[in-house]
Structure formats: structure tokens, C-alpha cells
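Required output: the full structure, derived from the provided sequences and hints.
There are 2 protein chains.
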Amino acid sequence: MIKLLLLSDREILENFFMPRTVAVVGASNNPSKVGYSLLHNLLRSGYDGKIFPVNLKDEEVQGIKAYRTLKEIPEHVDLLVVSIPSPYVLDLMDEAHERGIKSVLIISAGFKEIGPEGAMLEQKLLAKIREYGMRVIGPNCLGLIDNFTPLNITFTKSNSKQGNLGFVSQSGALITGILDWSVKEDIGFSKFVSVGNKLDIDEVELIELMGEDQHTKVILLYLEAVNKGREFIEVCRRVVKKKPIIAIKSGTSKAGARAASSHTGAMAGANTAYTTAFEKAGVIRVDRIEDLFTIATTFSWQPLPRSNQLCIITNAGGPGIIATDHAEFNGLSLAPLSSTTINTLKQNLHPAAATHNPIDVLGTGGAKEYRISMELAMKDPNVGMILVILAPQEMTKPVEIAEVIIDISKRFPEKPVSVSFFGGKEMEKGLELLKRNYIPAFTFPEKGVLALAGLWRYQAILSRPEFYELPREFPSVRKEIVQNIFDSVVEQGRVTLLGSESIAVAQAYGIRVPQTETAFTTNEAVEIANRIGYPLVMKITSPQILHKTDINGVRIGIQDEKELTDAFAEMLRAARTHFPHAKVIGVDIQQLAKKGTELIIGVSKDPQFGHLAIIGTGGIYTNVFEDVQFGLVPITHTEATQMLEGTKVYSILQGARGGKKADIGSVIETLERVSRLVQDFPQMVDLDINPLFADETGVMAVDVKITISKEEHQKQKQEEST
Amino acid sequence: MIKLLLLSDREILENFFMPRTVAVVGASNNPSKVGYSLLHNLLRSGYDGKIFPVNLKDEEVQGIKAYRTLKEIPEHVDLLVVSIPSPYVLDLMDEAHERGIKSVLIISAGFKEIGPEGAMLEQKLLAKIREYGMRVIGPNCLGLIDNFTPLNITFTKSNSKQGNLGFVSQSGALITGILDWSVKEDIGFSKFVSVGNKLDIDEVELIELMGEDQHTKVILLYLEAVNKGREFIEVCRRVVKKKPIIAIKSGTSKAGARAASSHTGAMAGANTAYTTAFEKAGVIRVDRIEDLFTIATTFSWQPLPRSNQLCIITNAGGPGIIATDHAEFNGLSLAPLSSTTINTLKQNLHPAAATHNPIDVLGTGGAKEYRISMELAMKDPNVGMILVILAPQEMTKPVEIAEVIIDISKRFPEKPVSVSFFGGKEMEKGLELLKRNYIPAFTFPEKGVLALAGLWRYQAILSRPEFYELPREFPSVRKEIVQNIFDSVVEQGRVTLLGSESIAVAQAYGIRVPQTETAFTTNEAVEIANRIGYPLVMKITSPQILHKTDINGVRIGIQDEKELTDAFAEMLRAARTHFPHAKVIGVDIQQLAKKGTELIIGVSKDPQFGHLAIIGTGGIYTNVFEDVQFGLVPITHTEATQMLEGTKVYSILQGARGGKKADIGSVIETLERVSRLVQDFPQMVDLDINPLFADETGVMAVDVKITISKEEHQKQKQEEST
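These protein sequence lines are chains U and A, in that order. Read in order, the letters of the first sequence are residues 10 to 731 in this note's numbering. Read in order, the letters of the second sequence are residues 10 to 731 in this note's numbering.
Treat the hints loosely; a few may be bogus.
It does not matter which identical chain is used: a pair holds within one copy or between any two.
The calculated lysine to any residue pairs, modelled on SDA-like cross-linking and capped at a C-alpha distance of 25 angstroms, are [said to hold, decoys possible]:
#, residue 1, residue 2
1, K438, E194
2, K669, G628
3, K434, Q171
4, K133, Q688
5, K250, Q356
6, K133, D209
7, K193, M404
8, K74, P407
9, K434, S660
10, K355, P125
11, K74, A665
Because the hints were derived from the structure by calculation, they are not lab data.
In C-alpha cells form, the structure reads like this:
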């Protein structure tokens, strides 16, 4: 049953791009109307299905028979395009439902983007389409293009060339700009979708669709926000195994960082969440629109490299050095050339030519020298990719050298090549020729490097072990203990766990914690202390007391019973003075842990992407140095290892500064156990283990803070009981 | 006497760009020769002085009477251009000297760039020109251009348009590429110089010259290395007060980082030195060649902003958001618009238009809406600069809107404007019109932001107080104490100071240090201990023992005489066992300092730029977090303050994490005193104060390490005695 619905869902989705029949409501004979452009573009796009303009007044629109209402259309409508004022859209949905229409592209603006009134209308629209089982792209969008159907239902002036880039944009204007620019730059697209307000269909479904689309080789995204973060990551991870996804995420300014009480939360701003999520999803993120296309066209034209070892061939030193710098900035290395390559170069190039990498054929170097160098680089097993730079020199013949590059590139199709013909008029014809032959070619060497670096970034994503790895299971964890503690916390109307409760939760998931018990009377305290053994730590505990140190509520290194009972009395007195209304006040009696390197492991829940985990420098320096690495739960073993290795404090754990090497395995495992804990209990909002002591004997979670969401807790309980 | 020589020096320099007579040795009739291109370019450049080709065989070169030797030329030669094989250049210099020629442009290659043989030739050439008092540009260079003389003595194919950018390049090929590209982009230059091997004249003198050149408004540099670092900084600081200097420094890869033994040295790689030097010099550094020109043309066309408060006017949301992100990346803020602006916008724009910043005139917004918005932004005192974005929409008329921008920009010439016409063919005419009217106009909004950000970076440099500030004087420093210690160290054949010596040096410059004395016998140790008072620190000391902790040679917290004498005996025993050949072994007895926040203050000598100072997190975390800020000596009070404020540990000094606020003034003063110390004693190679304890009562330099250069020390002594 579900299977069938899913299939049908896919058909509904495909009808947006390959409909046999399209109705355009609001199609117009008035060239200043959006409804005019929509039909006009559809007609000239070469679409060979049936088109039914719907117009209340005119009998014919742009030469085609028009209908007054949907009802009058004699055939089934695969795709309904809507371009009428927003107040009329709801009623139109009723009519569409009567006609059994499922796929609706709503161009009309006047919804949530105009304020509360429009938002209300949009909510009603959502309810209606859900009721009718319709799927909607838009509202407030520019439309969509499929250059293979072919079909163009947008109100832009520009045409779009057929190609293999699929583009999903949350900004309509960006599309108009890019389309106009792409015509000039000769860049082609497979599909182009403006998602507008994303009432229903959003990037997640479109990425999946383009992932399966045979005409789409690269997927490009312009996003301002991702609503369904987890699904976005899942879909992208699936799709990037087949084709690269490159994205611009705008709106990254700090203004958006949210206030947070936990250490982890304070460091995990919205931009961090997106960065971490894109990383996990395997999406290549770029900052500049131009870079998006530099990288995308290179993907569509060149093979993936086997390594990041770049060989630069140039006729000029300066541009070669600049390219070398940018290679390093962008994660590439200069390949050490094999002795065969170097010797053959020496035999064939001018004696003053540089035969190491960059290979400098000198200003006198022409087609012959470029041919030899490029062929050797292609054959050299140390070389993963080639950048050819040509600056105008006395003897330079750009077209001839372009022909050499094209020829060698065709003969050795397995290594990617990019080109910088650094100049102006002199170089134009060469550049054109290269691009016509699918060689990414640019004026400036920096772009040539960027193009190849993009290929390598994707190759590196595909090679990630964690991409194919499941998080580790820890069979001995005691879920029921955690469940009971959370139940009791929620029952007591709390969301923040007491210290002893948090310690117990961590312990239930196999995280080493100091022995901790809560005493409510002096006698209990003495009893517990004798059980644990001196020296001890004492911490005041009460749901009402959040900042213990403010009332001197933490004592470290209690040596004997006398100190214990004195401290107990003092702490209770202070607590009662400062918190006269606190109902329960006790003192946690805790084993004094041996001090190790101070780390933090924490989790904070991001509204879009779920639990974001951190690991790094703990203690008082946590927020000073913000030496932490982020990851999204679930964290696999490889991810946990890489996160830890990415911190600066890792060098201390490894025994830098003369210390002993810490038990790094236990640190990594602790992060994995924390990840498992929040996976099992998504009602957890924040968790901070700070400090986590690490030394050669293992780790100890000395202080654990946990906050849960009451609503989420109850939701989880319900889900489990059903 | 000196004055006169300088004046004449200037004339010699000016003769490169405004000679009345030019001799071209190696001028040729063979179009495949460099000597052909040189003369050909000179002839077609419109140069109206006299030209004397020198050619052994031909009586006429390119239609002009040629001479066999310099001797035969009937007039004085202001500028000699050399394009003959390198082996003949030396003899030519003799001939030139006989003719009283002082300015020589050597195009010929075949010098140090080809290896040891060429380097030797170059050294001989240097000796010769010094002997003859000649000044040389080159060898191994492309030549030079002055578009106002006018004069083009290069062997490029491209012409160069007259404009107000002055360019100095260490790469000839970069010039050919840029010239070719600039013609296409319609970018004009005042002077263009290829400095080649920089045998004599280098960027320093050319920057000075261009600084005074009325036709040059912006100076652009492409540098691979700066040889005279200090002079470079001094000259740039003078020149940037008049006009901006923008630079690409290539060759920044990590391979160049040098090995270093001190903490400071380890962190101060070559790239850091350049970054710090450019910062101190007020030079704007960019990474991409294209950015160099984006910023440079903006300088030559637009006024400087009064603030970094950007107003964005757009007809499309997406590009506006992207511009907002890039504004933040580049140090700009979005101006909060005045209520007058907002209210007037509300009255005049579409009700759905965004009247905050970015101002969104909507897709329907045309010339009228842009005019109103731009005029209001110009009048709004909160706005410092304006970016206008136009995406192609149904109603968009790019040329009309370009005209509005030009008009408003002319009427309000005091606020800088840049433009993004985001599209392709649609936008071309608008873009051209804007550029013709000196409005920086680009396809992508990111570039529009970058252009304005460049203006602001320069404005910020001009507004720096430290740019006009002298380092503080500390009249009570005891130079003679330091002098005596250094003398005695060098006398003993050492370069590294003992702990007690370093402490004494610091103390002589008013830096607070713990009381420290060296004991060589148990009795002395007891005596000193009684003077200083317990608890104490003991440190083994000997010129041979560099890593004290390896032999347990540091004891902290010695409580009484018993502990003292025991430790003394043990330390001496261990030292004698491990270093049987150490001549002198003593123990430093030191007052135990109260622990504060651990800082590092250090200095390391860079080969190009002199003493590089750092301040930041000290102690065991120094090299882990590398939380340090760099500055070049001399460090002024403002610089020292900014350096400290730039560190992360500064927040701890300010009393973050509940601590007391440290005596920040004393920390800053310590850095200034260290700066003064190395200024007075440039023979110092490395100085590390680590840790420097800082608390509310002040600072304490607990451990000081100093290394000096014997050669420099003796040089200084000589200089002082003369």
C-alpha cells in the first residue's frame, strides 16, 4: 500500500518536468503580465505536449484556444501552472481537485513573504493541498525549466541552453541573473527549479529527483535555509555517491547565532550547524556564485582525479608561483615528478627550463614544449591532475597550444586538466577553443586551481570511510536506567538533571564517572564517604541551585570526616540562606578524580539538523579558545577519531610537552557513547561533559550536565508505546 | 654634500621614465629578436625624445640611423637600454661609463636566474655599476612603460592604455598577461615596471617614485620577495598617507617556514613576517590577481568612505543576502537606516518593498525606485557607502538604471558607490556605461562588496592612530647593564644567556622579575635563600645545560634550608653525571612568584623585516593553541594594546570566568619595554618571556630566555665606537 503511494508520489513529481498536458491559469495576452511570459516561454521552449491556457476573458491566448475554467478543459491535466492573484488560489485548488489534478506549480506571490496575512493564506493552502493529496512547487516562485523535455515555465526573459547542470534555487532573481549570465558564458542546464516559499516540495525531493535524472551530472543549490535538515543530509549522502552536489548557503551572518546556555550550545551557532551538516552530507560548499560554476562546469567536463597531486606546466614563473600558493590554500599538493619525467624533460626542454614542478617551459616554449611536458605529466604516476598556464610571450600561439592541450587531454582521458590562458584579446580564441572541447579554461591561474580543487574535494568525499560506515553499537548500555531518570525528572516538573542524575545517565551508557551519591543528612554523608573513601568532592545539589560556585557550593579535596561534616553543615546553611524556597537540598559526595588533560564532550540540539556534537579543550579555557570540532549525531568511529584529531588539544593527548600519551581510544569511545545516548534519547536538548579528564589510564567524566525537553520526552514515550 | 648626491640620485631615477635621449643596445631589424620588439614598442609608443639604436652590423634599424658603439652616439645618453647576450654586458658598462651614462635598463637574461655562473656574472656587474655610480633596473626584466612621457620600452605585444595605476612587478610574464588583459578590460596605467632580478633598483625606490608621481593614484605590487624589509616598510608608510598600495605577495607556501628553536621563532614563519610587515606598512594585501584590479580601479574612480556602513539597494532578495554575507566577511556592516530614510522609502516604494537595509525595490522596481532609494541613502548620515544590485526582471531596463546611478553618484560625489548588474547580455550595455562613467561595476554582487571593502581597508589604514605615533620612551632603562652582560657573554664565546643573565637584562629594562641569584656552593645557596626568603625555586644553570627539566634541574616550592641543601647536592650531582664536561655549574635561587595567567611575550629576528614581536597565551599551551598576535618592532603603545586585545587570552585577563581583572596596563607596557630593548640591542636574535605571569597586582617575568648574535654584537659595538 505504501509502496504504491510512493510510486504515485514519484509520478506526481515527474509530472512537473515531463507533463503530457499543462494548464496555465492566468495565461494572458498582455505582455506586461507574468501570465503572458509563462505561456510565451512555454510555447517557444519547444514543448510538444498539450497546452491549455485558462483565461476568464479571452477566447484565445497567444494564438491558442483558451478555457474559462479548469472544468472546461477536455483532457486530464498533468501539470497545473498558477499565475493569478493569491486570494483566488484557494478556490482554484478546489476546482483542480475536482479535475483530479495532483501536480501544481504556483507562481503567484502574495503569501507568507508579504507578512502575517499572507502566511495565514499559505497555511490554508497547505491544509487544502494536504487534504487533496496534491503536490506543490512554490508559491512565490519563478517556475521551472527542463531542457530535455523540453519545457520552460518561467517568466524570465533569458533562454537556457541544454546541458548537464541541475539547479535548485531558493531565490528567483538569482535564477534570472544566472540564466542571463549562463547564456553569455555558454553554460547549459538540465533542470532549473525555483522553489519559492517551499510550501510543499523543497530541495530534498528535488535533489533526489535530480540524483536519478540521467541528464543531470552535477547538482547546484542556492539555499537560504534548509527546513528538513535530517532528510536533507540523508538524501544528499545517497545522491553524492552518484553525482556531486555544490551549494551556496547564504544568510550566514552572525546575527543569526542563537543564545544558548550550555558551553556546547554557545559555540554551535547556526552557521556551524550548516557547515557541519553540509560536511556530513558530502555537499561541496562555496562562497561565491562564480566559484559555483567554475567547479560545476569542471565536473561536467573532466574526470575525477586519483590524487590531489597537481602538476603545473607554465611558460612564466610568476603565474606558476601564484598557482602554487593557491594549490596549497585549496588542499592540493605539488606532485614530485618521477625521475623519468624529469630526465625526459631535461633532454627535450631548453637547458634553462625548470624541470621540477612547476614545469617552466620558458617564454620561448611553444606547442612542442607544451606537448612534451603535458604528455609526460599524463604518464607520470605521481601526477593526479594538470594545470596548464600560458602567458603571452613573443612566441606564444594560443590556438596552437590550445590544440595541443585538447589533443593530449583526449589521448589521456583519465587525468583532469584545467587551463589558465592569462591575458586578454591575445588569448580569447584559445580560451574559446578549449571550452568548446570541454577543457575548463580561465583567464587567471587561481581559477584553474580552484576548478581542479573542486574535483579533488568531491573525490575526497567519495573516498571517505565514514561515508559507508555505521555508528558502533554498545550492547551493554542500560537504556532503562536513563528512561527512569528522565521519567522522574519530567514527573517532578524539571528539565535539568541534578548532578547525580546526569552522572548516572552517563554511567548507564558506559562512560566512566567518579562514584557519586547524594546525601541529605550528615549521617548519610559520613556513610557514603566511608564507602567511597577520602579524599572527596562535595557539591551542593538542588533543582533550584544552578550556579553552585556562587554560594561556595563545591568543595574539592575533603580529607576526613571532620572536614566532611563541617562542610556539609556550612553548605546546607548557605543554600538555605540563599535559596529559602528550595524544596530539596542535598550534597553530592563524589570520589576525587585524578586530574588529567581537561576535555569537553558535548551535544546541543540544532533546530534544523538535530544533535550537534563537539569535542575539544575543556575546563576554564573552553570558551576562550573554542578549540572544538563539530560533528552531527550519529557519530561513527571514524568521524569521532577525525573530530578529536582535528582539535589542537589532541597534540597534548598524544604526549606533546613531555607528558604521557593519554588513552585516546577511550576519549573517542566516550564521544561515540554520547552519540549513541542522544540517538536513543532524542529528548535530550543539551549535554556537557566538562571537564572530561583524560590520562594514560583512561577517561573520567567529572562533571556532567543534561537538559531534556519535556514535550519531546512525552512524544518519545508515546511513540514507543505505539 | 649628501643632499646633492641624493638629488642627483633622483634625477638618475627619473631618467628611466622621462629620458630626453635613449640608446638601445641590441636594437634589431629581426622581428624574432627581443631587441626588435623593444625598439618597435618605443617607436610606436609616441616617445618624442631622441632614439639611438646600437647595432654592430646594420646601419639603420627600423628606419633609424644606427650606431656601431656607444662611443659613436653624438649626444649624451639619458637612458641606456641593454638587450645583448649577458657575457657582453660587463664590457658595455665600461663603454657606458666612458660616456657618463648613469641610468641603465638591462633587459638581458642570463644572470642569477640561470644558476651559479650567472650569479657570479651578476655579482661582477653589481661591483661595476657601484664603482661607476650607475643605477640599474633589471637584469632579466621585461622593461618599463610610462604612459605620460609617453614611453614603452618593453618586449610585450600588448599596448597599454593611459590611466592612473602604477604597477611594479617582480614577474615579467605577469606584466604581459596583465597588459593584454587590461586592454580588454579597459584598465589604464601610469607607469609599469618589471624589476627582474632587482640587482640594484627595486620596489622600494619605485614605490617612493610613484608616491611622488602626480599621474599615479594607486600603486600595485606583485612581489615574490622583499629584500630591504625595513626600508620597504618605511617607504610604504610614508607613501600610503598619500595613495593606496595594493600588493600580491606570492610564494607563501609553508615550505618556506624556517626551523627555529624559540617558541616565538617557531610561530613566526616567513609568511607571518610578510603579513605583519604589510600590515605595519599599511599595504593592502590581496590573494587573487583579479581582486588586485577590482580594488585598484575602485580607488582610482571612487572617493573614500567615511565609515564602513554599507547600504545595499537591490531588486532581488537572493543577491542582496549574498552581498550581506560578503559584507560581513570583508569587515563591512549594514548601515541602520535613519527613520527619515525608512519613512520616505515607505511612502515611495511598493508596500511590499523592504525599507530596511538591504533596500529591496522588488522585481517591479525601476529607475524611479532606484533613484529615490539611492538619493535617500546618499543623504542618510548613517550610510558610508552604497552597493546597487540589479537582477534581470520583467521590467528591468539596465541602461536607464545605470543612468540613474551615474547621475546620483555625480550629484553626491562624497560617498563611494559600486554596482552589480547581475546577468549576461541583458546587462552588458549598462555595465559598460557605468564603467565609462567611473563607477566600479561587476556582474556578481560579491565583487561589488569587495570593491567597497577595499576602499574601507584603506580608509581604516589612514585612520590608524599608531600610524602617526612614536614608540614610548622609557628613560630609566639601564642600557649599560645589558651592554656589560652581552659583552661578557660574547667574551665567553656564548650566544645564549644564562637564566640569571636574562633575568638581569629584563630587569634593566624595567620588567618585573623574581629576585634571582646564582649559587655555586651550598653555603652561597643558603645565604641567598635567606636573603630572598622561602618558598623558593631552584634551577640548575650552566652554559652547557639547555634542557634543565631533562635532568630534573628545576625545583619549585623549596620550603626550607634542609630541602634547599638536599636539592642543591642532588642537582649538582645529576648535572655532573650527565654533563661531565660542563665547566661551570651553578644553581639559580629564585623567589617563588605567585601564579597568575600565563602569557608569552617574545621577539624573533626575521631576515627581511627585523624583530617580530609576539604576545599571547603562554605556558604549556603556547605552541598548542598558538594564541598569539604579531607585531614588528618598534611597537607603539597603540600597537601593543591592539596586539594584546587580539589574543584570546585577553578575555581571561579582563576577568572572564569569574577571575579578577589583571593589570592589563602592565602587560602592555612589558611588551613596549621588550620592543625598546631589542631596538636598543639589535644583536638580540631571540627573546622569550614564558611564562609571564599576570594578575591584578601586575606582571612577573618568571622565565626569560635570550639569544644574541656574536657578529651583530660586534658590529653594534663598532658602530657605537665610531
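We went through each hint and held it up to the structure:
no.	hint	verdict
1	K438 to E194	both (14 angstroms within a copy, 16 angstroms between copies)
2	K669 to G628	both (19 angstroms within a copy, 17 angstroms between copies)
3	K434 to Q171	between (28 angstroms within a copy, 18 angstroms between copies)
4	K133 to Q688	neither (35 angstroms within a copy, 75 angstroms between copies)
5	K250 to Q356	neither (44 angstroms within a copy, 53 angstroms between copies)
6	K133 to D209	within (13 angstroms within a copy, 79 angstroms between copies)
7	K193 to M404	between (31 angstroms within a copy, 20 angstroms between copies)
8	K74 to P407	neither (55 angstroms within a copy, 35 angstroms between copies)
9	K434 to S660	neither (53 angstroms within a copy, 55 angstroms between copies)
10	K355 to P125	between (73 angstroms within a copy, 18 angstroms between copies)
11	K74 to A665	neither (80 angstroms within a copy, 75 angstroms between copies)
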